[in-house]
Structures are given as C-alpha cells and as structure tokens.
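J.: Chains as they are written, first to last, in the working numbering: chain A, 1 to 294; chain B, 1 to 369; chain C, 1 to 308.
Quick caveat, the hints were computed from the structure, so don't treat them as lab data. Beta carbons: idealized from backbone N, C-alpha and C, even for Gly. A few of these clues could be false.
Here are the computed distance ranges between Cβ atoms for each label pair [stated by the list, open to error]:
| no. | chain 1 | residue 1 | chain 2 | residue 2 | range |
| --- | --- | --- | --- | --- | --- |
| 1 | C | A241 | A | H47 | 55 to 61 Å |
| 2 | A | S232 | C | G146 | 32 to 38 Å |
| 3 | B | P71 | A | I83 | 44 to 50 Å |
| 4 | A | I83 | C | I70 | 42 to 48 Å |
The lines below spell out each chain.
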Amino acid sequence: MEPRQRRFVIIAAVVVAVWTMAPFFWLLWASLMKNADLNQGIVAWLHDPTLQNYARVFGLAGDDEGYDAIFGAQTVAVGNGFINSLVVALPTAIIATAVATLAGYAFGRFDFRGKNSFLFGLLMSRVLPPIAILIPYFTLFNAVGMIGNPISLVITYLTAIIPLLAWVLMGYFATLPLEVERAARLDGCSRLQVLWHVMLPMAAPGISAAFIIAFLFAWNELLFALVLTGGSEWLTLSPALIGVSPIGPLGITPMVVFAAASTLSIIPPVIMALIFQRYITRLNIVDPVTIRGV
Amino acid sequence: MAGVRLEGVTKRFGDTLAVDRLSLEIRDGEFVVLLGPSGCGKTTTLNMIAGLEVPSEGHIMLDGRRIEGVPPDKRDIAMVFQSIALYPHMTVAQNIAFPLRMARMARPEIDKRVDDVARLLHIGELLGRHVHELSGGQRQRVALGRAVVRRPAVFLFDEPLSSLDAKLRVEMRIEIKKLHERLGSTFIYVTHDQVEALTMADRIAVMDAGIVQQYGSPDEVYGRPSNTMVAHFLGDPGMNFVAGRIAERNGSRGFEAAAFFLPLPEGVIEGSGAGAIKTLGIRAENVRTELGGAGTAGVIEGRVFATEPVGSDLFLDIAFGDSDEAARRLFKVRARPELSVRVGDTVPLGLPADKLYLFDDAGRRVYPR
Amino acid sequence: MATKQRPYMSDARFALLIVAVVLAFHVIIIAMPLGYSFYLSLHETNIILRRSDYVGFDMWQEALDTPEVIQATLLSLEFAAISVVLSFALSLGIAVVLDLDFPLRGLLRALVLMPWAISEIVTAGMWTMVTDPGWGVFNGILVPLGIVPEGFVWLNENWALFWLSVAFVWHIAPLGAFFFLAALQSIPDALYRAARMDGAGPLARFWYVTVPHIRYAVLIVLVVMTVDAFRQFDLVYAYTAGGPGTVTELLPLQIYRFNFQFSQYGLASASSFILIIIATVLATAYFFLLSRRRRVEREVRQAAVITG
Ligand SMILES: Nc1ncnc2c1ncn2[C@@H]1O[C@H](COP(=O)(O)OP(=O)(O)O)[C@@H](O)[C@H]1O
Ligand SMILES: [Mg+2]
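Modelling step: build the complete structure from the supplied sequences, incorporating the hints.
T.: Structure below.
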C-alpha cells in the first residue's frame, strides 16, 4: 500500500473508532464525576474522580446531602433491577433458543408443503410493533392479575424474540452439510438423535449467537418491562434506569448516578457483544431464506 | 451378509425423473459399481437403498425382505459419502466409535473395535486428532473406518475418491478393493470414473438418464457394450463412431460413410440386419496404423488433425474430409510413440473386421451379436 | 402380493411435526393477543362506568380522524426515512473500513458491535450527555470555540427528530455493518485480482465486483432498518420523550400514551393497526424480494448440476 493510501485507511479507522467509542467514554467520564462538577460541563478534566456514584447504586454510600431521602428508592431499584433482569433474561433466552432451534432446524433443513406460509407468518411476527402486542397482553395479564409477575414478562419476550431467532437459526442450519446428517442416520441415529448428537453440536456457534441475541433483548428491553413490572418489586433494570434518569418520575436525578448505573448495566451486553462478534459473520443472516442442499 | 435387489425403482423430484424403473440384482458379497455421468441418478439410487430417500415407486429388498418400511438407522447398511461427511466436532476416534455408541455397545468392546479398524486402515496415530487437522486422504480413511467398524451387511460408496488427487485415488482404490476381499460384504460403489469401475467391480451397472443401460462384468461392458452410450462412456478415450449406412460399391457390400467406404465381410452384414445399421464403432487401440501385410478388412485414409503424445502411446486425432466441419467430430487412434507423423499428414488406417462394432438407429449394438 | 408397508416417517412429515409444535406455541402467544387487540379496537371502553360497548369500526374511523394520529404517522415515516438513509450509509461505510487492512483491526471489529448490544435507554443517556444544552459535550467543545452560542439547544423543534435519528443510527448501524462485512468477506479475492488484471480501477471494481455481491445484504439491511425504525419506542421515550412539544412523538409512543396515560384503549388498539398494516406491507415486500432471490438460487443450482 502506498503511504498516502495507508494514512487514509488509518484515518478512516480512527473515525470509526471515535464514533463508536466516544459515547461510551463520556458515559464513563460522567459516572466518575461529582454532580456539581458535571453541571459545570462534562468537557472538563477529572480533578477529583469518585466512585461514590457506583457505591450509591449498591446502597453503600452514606446519606450525604440528603440524597437517599429524595432518590434512595429509585437508586435501590436499580440494584434490584440487576437481579430481576437476570431472572427474566435467562429463562427467556433459554426457552426462546430451544424453541427457535427446533423451528430453525425444521425450516432450514426440510421442504414441506405450506413452508412458505409458515415462513411468512414467522416474518410477520418479526416485524410486528411491540406496542401492538403489548396492549392486548396488558389487558389479559391485568384480567388474571399477572401484572408485576415476571412470568408475564417472560411470555411477552418470547413472543417478540422467537421469530427472529428462528429466522437466524434457519439460515444457520441451512448452511450445515447435509451429508453429515445423513451419515448420522446410517450410523444408527434416530431423527431426534441426529438432532441431539450431530446437528446441535455443529450448530453450536449459531445457537450461542441466538442465545446472546435473546439475552440482550430481554436484558435491554424497556417498553414491556415498564408496563408489566412498573411499580412492582419485579421492576427490571431498564425501567429502573428510567427511574434514575432525568425523564423519570422525579424529573430530576443526579445524572452522575444515572451514568454509573448505566455503566454497570452495560457490562453484560458489552461482554456478550465481544463474544457475539466472533459468530455474527458466520450466521448467514445475509441470506436467511436460501435453503441450501435440501 | 445380504444381497440387494431393486425392482422397478423410480424416483421423482417434482418434475425431474431422477431414477427410472431401475431393476438390479446385487448378490451377497458382490462388488457392484454404478457407473454413469454426473446427474444420471447414481446418488439418488444409493440414497434409496440407504433409506435416505423414499422411492416414488418400486421395491427394494435386502436379503429377500422388503425394506421400504425400515428407517435408515435400522437397515444395517453403511455409507461413505462423496463429501466424506465426518462429524466435525468429534475426534477421529469418536467419529469411528459413533456408530457403535449409537448401537449401545459396551465401552471396552468399542475401544477394541476402533483399535482394530485403525490398524486395518493405518490410522492408529490419528485417533486423537480432530477432523480439521487431517488431510483429504486421511479423512477418507477415517470415513472408511467409520463404515467398517459396524461390520454392516452392505456398504455403499458415493464417489468416495472424487475429492482426492490422482495418485491418492489409485492408492485408495486398491485399498477399498482389498477391504472388500477381506470383509466379503456386499459393496455398492458409485462413480463416474470408468477406470475405477473397470478395476474394482465384479459387475458394473452403467447408468444414463436414470436408466440402467447395461449390467455386466467389466469385460462384458467394455467388450460388448449394449449401445453407443456404454461404448463411449467406457474406455479412455471412448469408442470412435462414424455415421453412415450399408451400401454396395464395386460389387461388394460395406459401410458407407461421408468420407470413406469400408467393405465388410458378408457374415457381418447379414447377421446384423443391414437396413438398420447407422453407426460404425471402433476403439482407438484397435485401429492399425502400421500396415504391412494385407489386412482382413479394408484400409481407409484420414488426415492427422492433432497429435497427443502421452509417453507410452501416441494418440492421433484424425479428421476425415477437408472441411473444419468434419474435423469437429474427431476420431482417435492409438499409435506407438515411435510412429513419425506430422499434423496434416494423410495416414492409412486399418479397421480390422473382428474389432468393429455396428449400432442401429437407436444406438443399440447389432454387431458383434 | 406382499403386505403393504407404510414407509417410515418422511422428512417432510417430520419437519411438519416440529413446525406444528412451534406453530401451536406461536399461535397461543401471538395470534391470540392480536385477535384480542382487534376485538378491543371494535369497542369503546368507558373507564368510569367500567363498561365496554361494541362500536364496529368507529374507533378505526376515529383514529383516522384524529389529527395527532395522522401527525404521528407522518413523523414515524419521516423518522424511518431519515434513519434508513443515515444507517445505510453509515453501516456500509463502517463495513468497508472494517474490511480494510490496518493495525488493531481485530480489536476494532470487536468494539464496533458494542453500541448495538447496549440498551436504548443507555443510548439515550449517552446522547443526552452529548447534546445537553447546559453541560453536554457538543456545547462543551463548540461554545468555547464560538461556533454555537452559550446554551444552544440541539434538540430544538427543527432538529430534534434528526438527533433522535442520529442516536438511533449510532445504536443500530453496527448490526448493518456486520451484515455488510459478512457479504464483503464472502467475495473471493481472486475476483478483485481478475478485475484488476482486466484494468478495472477502484471504482469499477466496487461497482462490478462488490456491488453485485452485496445486493441482497443491501436489501436486508434496508428492511431491517426500516422495520426497526417503525417499531422504535424505547429510544424515543428515553431520549426526547416525544418533545419538544410533540415534534418527536412517533406513533408507538403515541399509542402508548393513548393506552397507558389516557386510557383510550379502543383508539390505541385501532391506531396500533396502522402500525401493523405498515409492518405487513414491509414484510410482504421483503418476503417477495427474498423468495425471488430463492428462485434465482435454485436455477443457478440446477445449472451447476447440469454443467458440473
Ligand atoms: N433433492 C433433489 N431435489 C430435486 N432434484 C434432485 C434432488 N436430488 C437429485 N436431483 C436430481 O436428480 C437427478 C439425479 O441426481 P443424482 O442422483 O444426484 O445424480 P448423480 O449422483 O448420478 O450425479 C439430477 O438431475 C438432480 O438434479
Ligand atoms: Mg452424485
């Protein structure tokens, strides 16, 4: 590469890096500031970095400046939100991945009558706006007294995420070599044994990716969580973060605490993104409908 | 141990007729090769025997019993696939052991059998490796091992050597042949490579367009091809054909082509139904180029269009007539490498009557009878 | 005549069995609520009298007669249009950069996906830090330079929708970038070399080699981005909350307000069917385009069987 060209490439890479990372940087920066300092402007040297904001999220900070009296409940909810979100996200991810694996295998591997209609239905439920699903769910759950119950949240999350996962896994299964599956049949596997002993291990990267997608969705989602767990002890992380944000019910909250809570909340997603990144280019999402080798 | 019989087996994929009323009897312990060009239905036939595809019509019998209702995992049939199809997430040992695990065999017995097979196929030192660490030839051996370890009644091979390089292919060919002698099981082997078929098979079923064209020993299909397709597909190069008809010239009857007239003995013509004869065939190695004494059959002349020396032999591409049009349908002749000819020379070619083939308008062989 | 044997379960039947199980599950969790939503949209609920009356399609009519609904629909369309253009350009740009060769490329590839992985709320918080008029990053840098006046409001009436789009694009573009990157990486190097030998410059190579290979990635990115723009609630709620005024009150947020703040259940359900209809149109177009591709694929495959 010529030096001029090379310089251009490096500049482009730096631009991408800054665009991607700058918001993360400022979030972290703000989380280490005192609120009074932040109000003077975020673009300033950190003279006096503090972990106080993080301590508050865990209820470990002393009650200085009367903070707890005003914001305490909201802040404690963030701490609980971590646990609650985990309790919701794990079962969601496990069930959704299991169901979608079966569906993806069937769609990715076999041709059968009516397959196109099924695929269209799958796609339809992928594009449905969440709010359209939420209203009837809310009414139903309200009628049976399941508002504030994590099970209702898991159910709605499954609705929203299974179609997407099935779509992704269909693409993945379609790329796996057909003859290996046939070899397993001749080696004495029943159909379900083929799935278990051969297809699942071979599809492991795709399945892991699907699990991560589902987990991230459940961990991050706001609308359903707000409506279905709002005001209850099962409040999950996202609505809890709203509680300590400027648009929360109090209207004002120290932005630095929100920054600290947000920083903590993105640790699991960021780790998963780093893992996911290895799988995503192998997912064949680009070409999910192409059914190869049937 | 079991023989396999196919009775009128047909397979359609939508509008495609992949296999057309195929009937074939494969005896217990026999090595049968299904030979044919790509897309002629060989894989589909194997898949139906294995139970991986369900025939649209017809029956398949294993050891005299119909097996349409038996799923592949219960058929006691092993298959080696074209793509080799090892389990990528398992080691070599785990791959070979897998069929035994599925059969719920005891651990020590599995280990013993895997060791035996590894020794048989010289892959003992590979057992701990992962599939992606193996070369193409090694993978092929492992795939063989995985098939052999179960000691099934019938082995199916779907072009197992097509992904190997030429040298390795020869080596594995011998190995598979030896394996057959040693195991004595029924082998059904699919290939589009006629050399593989001729060297390995007890009997060859030549297929084209979903139909078995001829079923017989290598000598039979090579020496007495039932039609032009078989005659052309076997042999390298395939048989030469010249279109023409039986006619009379200067009082003797013979084969009249656009470029030459070849007198034929009366017996040849009479026995063959003169009117139907449309094609004359002769193999490259049977055309005589050093013509000393008078040949039994006539001698024709052709122009050397190209020469292809291959070391042990010299192949001549012969054109009849002068036009480029004529040159397109080349006639190959095998000569001795010492023969001194140049492109453009006109050479005399002897076509011995006892080496000639005649085919009718449907391409069927009418001579020799 | 031998006794008739039933062939063991065919592949198709096995697949149908699995699909039937999945579908049953699916019908329960999607079709039933949707049906119920439809039912709600045909009723007017009076929360005080605790009664609900059948009113036919009156609520649909009312939704279409409500200027706010029309305005929100148009805003949603505008938001989707801006976002799709921006995110398409950005994700393709990022993918092209990630496909180049530079130091620490692996690291950057890993990091680029992070904005996609985090929640919309945190995204909103981050962009608040960037655009806040009092203490935000933009004003912190640009005010001292004299480029914008003190306390400049970035999320003003004219530009709030744009900045909402920017935040959305920052969050969503990495996904598109990876779709594109996968497509770019699937192009064999030999093609570029051959094109170079044929005298093609960088632009010609991009047009004749790259573009044909990423055409379907383009299609999918466009559709995914459009769909997600129409569905977006979380980011709007957390970043602008529809403001200032109602200039960023997109349809999903408005439906949320109808239903959960103003208890206009029938109107909310009826309005949500506007969204569903838009989604259906998108899905149909998507499906049509993809299945056309499938036909092409099949023909190519058959050609390969015939020629090879
Ligand atoms: N699953 C399938 N769907 C549609 N057509 C098929 C399928 N499998 C094979 N065919 C067609 O059947 C014919 C025979 O194929 P095959 O048995 O694979 O041939 P061979 O193994 O001799 O090359 C070909 O025309 C092929 O295109
Ligand atoms: Mg084949």
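J.: For the pair A241(C) and H47(A), does the Cβ-Cβ distance stay inside 55 to 61 Å?
T.: violated (33 Å)
J.: Can you tell me whether the CB distance of P71(B) to I83(A) sits inside 44 to 50 Å?
T.: holds (48 Å)
J.: If I claimed the Cβ atoms of S232(A) and G146(C) lie 32 to 38 Å apart, would that claim hold in this structure?
T.: violated (51 Å)
J.: The hint says 42 to 48 Å between I83(A) and I70(C); measuring C-beta to C-beta, is that right?
T.: Taking Cβ atoms as reference, I83(A) and I70(C) lie about 43 Å apart, which means the hint holds.
The structure does not agree with the numbered hints 1 and 2 stated previously, though it agrees with the rest.
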